[in-house]
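Guided by the hints, dock chains B, C and D onto chain A, whose structure is given.
Protein chains: 4
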Amino acid sequence: MTKRIRDYGIVIGEIKTGYLNKITDVDGVVVGHVTLKDENVNTGVTAIVPASGNLFENKLIASAHVFNGFGKSTGLVQIEELGTLETPILLTNTLSIGDAIRGLYEYKISRNLHIGDTTGTVNPVVCECNDAYLNDIRGFRVRKEHIKEAIESGEKDFTEGAVGAGTGMSAFTLKGGIGSSSRVIEVEAKDYTIGVLVMTNMGRKKNLIIDGNPVGKKIVEVDNTDANLLDKGSIIIILATDVPLNQNQLKRVTKRTIVGLSRTGSNMSHGSGEVVVGFTTANRYPHSQPRTEKTLIETHSIHDDHIDLLFDAVADATEESVLNSMITAESLVGRAGHERKSLKEYEELFCVT
Amino acid sequence: MTKRIRDYGIVIGEIKTGYLNKITDVDGVVVGHVTLKDENVNTGVTAIVPASGNLFENKLIASAHVFNGFGKSTGLVQIEELGTLETPILLTNTLSIGDAIRGLYEYKISRNLHIGDTTGTVNPVVCECNDAYLNDIRGFRVRKEHIKEAIESGEKDFTEGAVGAGTGMSAFTLKGGIGSSSRVIEVEAKDYTIGVLVMTNMGRKKNLIIDGNPVGKKIVEVDNTDANLLDKGSIIIILATDVPLNQNQLKRVTKRTIVGLSRTGSNMSHGSGEVVVGFTTANRYPHSQPRTEKTLIETHSIHDDHIDLLFDAVADATEESVLNSMITAESLVGRAGHERKSLKEYEELFCVT
Amino acid sequence: MTKRIRDYGIVIGEIKTGYLNKITDVDGVVVGHVTLKDENVNTGVTAIVPASGNLFENKLIASAHVFNGFGKSTGLVQIEELGTLETPILLTNTLSIGDAIRGLYEYKISRNLHIGDTTGTVNPVVCECNDAYLNDIRGFRVRKEHIKEAIESGEKDFTEGAVGAGTGMSAFTLKGGIGSSSRVIEVEAKDYTIGVLVMTNMGRKKNLIIDGNPVGKKIVEVDNTDANLLDKGSIIIILATDVPLNQNQLKRVTKRTIVGLSRTGSNMSHGSGEVVVGFTTANRYPHSQPRTEKTLIETHSIHDDHIDLLFDAVADATEESVLNSMITAESLVGRAGHERKSLKEYEELFCVT
Amino acid sequence: MTKRIRDYGIVIGEIKTGYLNKITDVDGVVVGHVTLKDENVNTGVTAIVPASGNLFENKLIASAHVFNGFGKSTGLVQIEELGTLETPILLTNTLSIGDAIRGLYEYKISRNLHIGDTTGTVNPVVCECNDAYLNDIRGFRVRKEHIKEAIESGEKDFTEGAVGAGTGMSAFTLKGGIGSSSRVIEVEAKDYTIGVLVMTNMGRKKNLIIDGNPVGKKIVEVDNTDANLLDKGSIIIILATDVPLNQNQLKRVTKRTIVGLSRTGSNMSHGSGEVVVGFTTANRYPHSQPRTEKTLIETHSIHDDHIDLLFDAVADATEESVLNSMITAESLVGRAGHERKSLKEYEELFCVT
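Residue numbers (the numbering used here), protein chains in the order written: chain A, 1 to 353; chain B, 354 to 706; chain C, 707 to 1059; chain D, 1060 to 1412.
One chain only, chain A, in its complex shape:
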């Protein structure tokens, strides 16, 4: 079984995790991958399905935070305007966002025959990182058919590491990919879950910090290969929760992912776009005006006095997700013989068990 960062004795923070310690601990969330691997090909698609049922008809409250906008993620403008999410969130490589959008459109219109006919269109949310170091990104290997496949392969106990869209990603000049973590908090005597999923493709080797330990510096002492490469990556962070929040609150929670990311040693470099998309499953907005006696839409939110619980949980879960994305990824030789070693190869520098 794949060892995660906790299996090395690294525990981020004091808040308890969810059952799987993954974003899918939030009820309704599943994650699916399509992985494309070949000689020079290391890429794919990862789909975060935020809830079961028809998202277009029954939208979620969502928020996006762009800490560094050097990236090509799409769909964020409408999330900012309306504060809602109506599709699965897709991750892929930078040059494949066009194909991913096309595939997501086909998926949605095949399930919602009135889209583009009697009602408006749908807002595709597709986020990306540049995997060109290990992947022949110029080859456009992701095809629109892969989108449906990724969405429909969604599961609770999904794989982390060099898989799906994370297949060819690099983090801290080591192997990056997909990682996740979750936290459970109690608000007013009720348990809620907060989950994070990251696609890591940022950072410079010397800067890696593991729970306060400057592991990157120690790695560079034993292997300074590529230590001077510029950071030309990005990180995509997806946040899910079932805590009842309004849009302002969700935006604020979403921003605290940056706190956890900072603690892993990323300085949010020029070439590294930091993009966060968050949603709560606790309040839903119907696409069409409901025709019931109570025609106003009713939403619920916690009092701001409790929101620090979420801030803490999100910071910790993000930090742990980044570490999980690295420790679960195997070393890989990819395009043009470029190599990224797994963090696992340096376990003696940080393992505390």
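Hints were generated in silico from the structure; no laboratory data involved.
Be a bit skeptical, because a hint or two may be false.
As the list claims (entries may be wrong) - Computed footprint of chain D on chain A, listed as stretches where at least three residues anywhere in the stretch have a Cβ under 8 Å from a Cβ of chain D:
{"hint": "1", "stretch": "92–104"}
{"hint": "2", "stretch": "246–259"}
{"hint": "3", "stretch": "297–310"}
Claimed, not checked - No farther apart than 20 Å at their CA atoms in a straight line, the calculated lysine to aspartate or glutamate pairs in the DMTMM-like style are these:
{"hint": "4", "chain 1": "C", "residue 1": "K912", "chain 2": "B", "residue 2": "E392"}
{"hint": "5", "chain 1": "B", "residue 1": "K543", "chain 2": "B", "residue 2": "E367"}
{"hint": "6", "chain 1": "C", "residue 1": "K923", "chain 2": "B", "residue 2": "D564"}
{"hint": "7", "chain 1": "D", "residue 1": "K1249", "chain 2": "D", "residue 2": "D1364"}
{"hint": "8", "chain 1": "B", "residue 1": "K585", "chain 2": "A", "residue 2": "D117"}
{"hint": "9", "chain 1": "B", "residue 1": "K356", "chain 2": "B", "residue 2": "D576"}
{"hint": "10", "chain 1": "A", "residue 1": "K37", "chain 2": "B", "residue 2": "D470"}
{"hint": "11", "chain 1": "A", "residue 1": "K232", "chain 2": "B", "residue 2": "E434"}
{"hint": "12", "chain 1": "D", "residue 1": "K1400", "chain 2": "D", "residue 2": "E1208"}
{"hint": "13", "chain 1": "B", "residue 1": "K697", "chain 2": "B", "residue 2": "D576"}
{"hint": "14", "chain 1": "C", "residue 1": "K1000", "chain 2": "A", "residue 2": "E186"}
{"hint": "15", "chain 1": "C", "residue 1": "K743", "chain 2": "C", "residue 2": "E1045"}
{"hint": "16", "chain 1": "B", "residue 1": "K369", "chain 2": "B", "residue 2": "E651"}
{"hint": "17", "chain 1": "B", "residue 1": "K585", "chain 2": "A", "residue 2": "E57"}
{"hint": "18", "chain 1": "C", "residue 1": "K924", "chain 2": "C", "residue 2": "E1054"}
{"hint": "19", "chain 1": "B", "residue 1": "K543", "chain 2": "D", "residue 2": "D1097"}
{"hint": "20", "chain 1": "A", "residue 1": "K206", "chain 2": "A", "residue 2": "D117"}
{"hint": "21", "chain 1": "D", "residue 1": "K1249", "chain 2": "B", "residue 2": "E651"}
{"hint": "22", "chain 1": "B", "residue 1": "K585", "chain 2": "A", "residue 2": "E347"}
Don't be surprised by glycine CBs; every beta carbon is placed ideally from N, CA and C.
Frame of chain A; chains B, C and D shown alone:
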């Protein structure tokens, strides 16, 4: 020859226009169209090429303003972050943004072999409106090959109206499309040009105002067909200038397009995304660090005391562009027998010559 | 009785007004003025009290929109972050914001003894325009005591024109000041009210438009005094409603004030800061966590399908408020003999009755 | 002599510091304090003077970043709009911003007689934290006269800790205050300086991290007094540099302060407003249009390829500034007998020399 709004005696503002009274009056700017028409098909691509030469190697200062983000335009996040533009700007229908991005990527990487290899990727700017009322948008008729074709067909004296991406668009429940206008202003004894191009797909019939004249109300009195349709469109506004501006100044200029748009009677409806992208050709940022004696990048800007000249010019040019987009478009019967009449059919309600 | 713009036959839009056709038609809202007039002194304070009861303990949902941030208004940052309002909104001259903040702090802490003791502080919202043309702004005539006086003098049928903070303001190089208007809309068989109050201090004479009529051009033909003065003003727009809205919706509604303002001929000049603050009285957030069985906060909002009704109403009410601020203001000779004529003096150029 | 964090063997990052390791290492920058101390009074003013000469006539490029807008800082809106700074930056307690604004206005208009007469007004930048725990904030002890005094007492080797506006501040439930640090980087064979000054008033005791060491947890083990107090503070971060930057670049640099702050253990709590103001002294904008042969304003900026050097330096300098603000502050018993211990009292938990 196609009559434009000035040919009906309508003159917006007092500032003189450029030679063509089009966005292409700005030196270096050309506009190309691919028009797709068939029984239920009325769509296409319009490309605004902001300057000659390799834009990726020699970027322009750019800014985006989203007044209403109910839209799927892509590339705005990076423009906001870096303040630069490195591709032509594409317009198309909403469901075709994926194919347009793919086509634009192929176009750029074929001309820049280091993209996705030894350097990073490129930020595709693709804006859209929903032409589903007149076009079989669910048919995905725009193909990636059309992108190169639109870009390479760029010319100075381009066609307006129901052409290119504007083929199937509607404005004020009449026929909309592509329209343009320009103004020439003098700053410190030197002439500069400001050009606007719009793709109009917003507004309700009764609200149309032509130079202060509530023409929409008058039209509804004689023909109230579809007068109660919800506004499910958008407007894309592209602003070009050769005035030397810094990024803050350009952002401010870009926002004044909204002033002109307001005067045409649009209330920026819920369903109508208002997206503006502006650029100046006067300052350039090299992709790679220049290795000359003077290694700092030098840029120039006018003093803020002169910026009102641009604000006035942009408001007027936008107002006139919207009117040109309508008056140059012929009546059209499209998908499912849906019809949009040309504004021309009501010329007796506004013609002052 | 003071004539308002409708008394000259000018009717903006087709939506019916509230009883007073003022912002105070929104239940709970009152407006108070302190007017300071002396030889070179023409200034004051205007207070918009958004609801009765203790606002600090029972906050309103609020939103701010800054179209042009060339201004010194305070309190907007926290409104943007938390989406709430906890004080009356004050208007005054630019150099008096310090004294107004101090006065508002004293007013709030005298009524909330735990502020700055066992709980946090309070966010003072103070907006300003520069009345230096007619007022000895360097004399700091507004004192902190005036704040309480303005708040406590709040009434429903408040005075418009050259009164309170509007005493020394100029609009379109004529006399400006305080103006207001309201609209009543029906959503799901229930009537709601939307009110706007403006403090006008922007625009150039030649640009004034009254319901599509280019009155400014006509005025300049008969009197071009000061026609070339730069616009060094601002406009503050306050929006109140009882429509149940969430924060994203309120922000969007708030932005549509810009549409109405554009139609009066303002080009949002460099020197003219456009600042909008909006609130809804329909949803309240308690300062302290409520300890009831139902501990989540419940809010209500209309479906987005109805929001165009608000957009239209806000655009119209803003346009009418600007005109009311001018038509109700008398001509004035102020500091250094500077003069601003009343719009009334040109009534033959626009009166349609 | 006061020991700073480096005197305990703590070295943040690998980049060399400036001569004083303070923000004043940036040429032209001085910092002045007015400290007010009495039985229940622990407050004051700190002024960061960004350059010598008349700032109003010769403005600096500036940028603000609000990570958490739960705060009352003023002047940020205009910085965001115009990208310029024209006054010293003042720090004080929350309830004293009104008096500080008034004092700053008086200071500026006494030196610029045309302000509010023949030219416009001036944008006062005043940032605040809530020192009510140790200070009788309801007493409004800061008077407008203190502003001039703080500005004119500016010096290079200014005091850190519980001084000026930092007198009554708390950080991580220990004593906070004013702290600073600087870094020197080489771009294109030339040395530049980046300086940071913080006013710390945020964080919970258990969360404090010193260079990766979870010192807060260790402190709580020996003294958990007030460990459960909510975070009701804020942090103000001022960034100065002489690196030639454009406004977009400066904004991006400013945001990286958040990275360093995160590494000290702050989770940017609900009650803690995080506000950053940055400026560069390398490009100046004249208030009035220059009348020389070369009438365009010329600015310079580094190529983006070098900007990571600044990102790294800013993150490190911010982290060190926070630690300096704490380690230089003495323990203090203030209002109502409330106590904050100095971090110094726990030196055995982190000292590495």
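Hint-by-hint comparison with the structure:
With 0 residues carrying a beta carbon less than 8 Å from a beta carbon of chain D, the stretch 92–104 of chain A misses the three-residue requirement, and the given coverage is violated. Counting residues of the stretch 246–259 of chain A whose beta carbon lies closer than 8 Å to any beta carbon of chain D gives 5, which meets the minimum of three for the stated coverage. Three residues within the 8 Å Cβ limit are the bar, and the stretch 297–310 of chain A against chain D gives 4, so the coverage statement holds. Our distance criterion of 20 Å between C-alpha atoms is broken by K912 (chain C) and E392 (chain B), whose separation comes to about 49 Å.
Proposed proximity of K543 (chain B) and E367 (chain B) is supported: the alpha carbons are some 18 Å apart, at most 20 Å. Restraint check for K923 (chain C) and D564 (chain B): satisfied, since their Cα atoms lie roughly 13 Å apart, inside the 20 Å limit. The suggested pairing of K1249 (chain D) with D1364 (chain D) holds, with an alpha-carbon distance near 15 Å, which does not exceed 20 Å. Among the hinted pairs, K585 (chain B) with D117 (chain A) is consistent with the structure: their alpha-carbon atoms are about 12 Å apart, no more than 20 Å.
In summary, the hint linking K356 (chain B) to D576 (chain B) is not supported, as the alpha carbons are separated by about 23 Å, beyond the 20 Å threshold. At roughly 18 Å between alpha-carbon atoms, K37 (chain A) and D470 (chain B) fall within 20 Å of each other, so this suggested pair holds. For the suggested pair K232 (chain A) and E434 (chain B), the alpha carbons sit about 15 Å apart, so the restraint of at most 20 Å is met. The straight-line distance between the Cα atoms of K1400 (chain D) and E1208 (chain D) is roughly 29 Å, outside the 20 Å bound, and the hint therefore fails.
This hinted pair checks out: K697 (chain B) and D576 (chain B) have alpha carbons roughly 14 Å apart, not beyond 20 Å. A hinted pair counts as satisfied when its Cα atoms are at most 20 Å apart, and K1000 (chain C) with E186 (chain A) qualifies at roughly 16 Å. A distance of roughly 15 Å separates the Cα atoms of K743 (chain C) and E1045 (chain C); the hinted pair therefore holds under the 20 Å criterion. For the hint linking K369 (chain B) to E651 (chain B), the alpha-carbon distance of about 31 Å lies beyond 20 Å, and the restraint is violated.
At most 20 Å may separate the alpha-carbon atoms for a hinted pair to count; K585 (chain B) and E57 (chain A) meet this at roughly 17 Å. Distance hint between K924 (chain C) and E1054 (chain C) is fulfilled; the C-alpha atoms sit about 10 Å from each other, no more than 20 Å. Between K543 (chain B) and D1097 (chain D) the CA atoms are separated by roughly 63 Å; this puts the pair beyond 20 Å, and the hint is violated. For the hint linking K206 (chain A) to D117 (chain A), the alpha-carbon distance of about 54 Å lies beyond 20 Å, and the restraint is violated.
Pair hint K1249 (chain D) plus E651 (chain B) holds up; C-alpha atoms about 17 Å apart against a cutoff of 20 Å. Taking the CA atoms of K585 (chain B) and E347 (chain A), the gap is about 56 Å. The hint is violated against a cut of 20 Å.
When each numbered hint is compared with the structure, violations occur for hints 1, 4, 9, 12, 16, 19, 20, 22.
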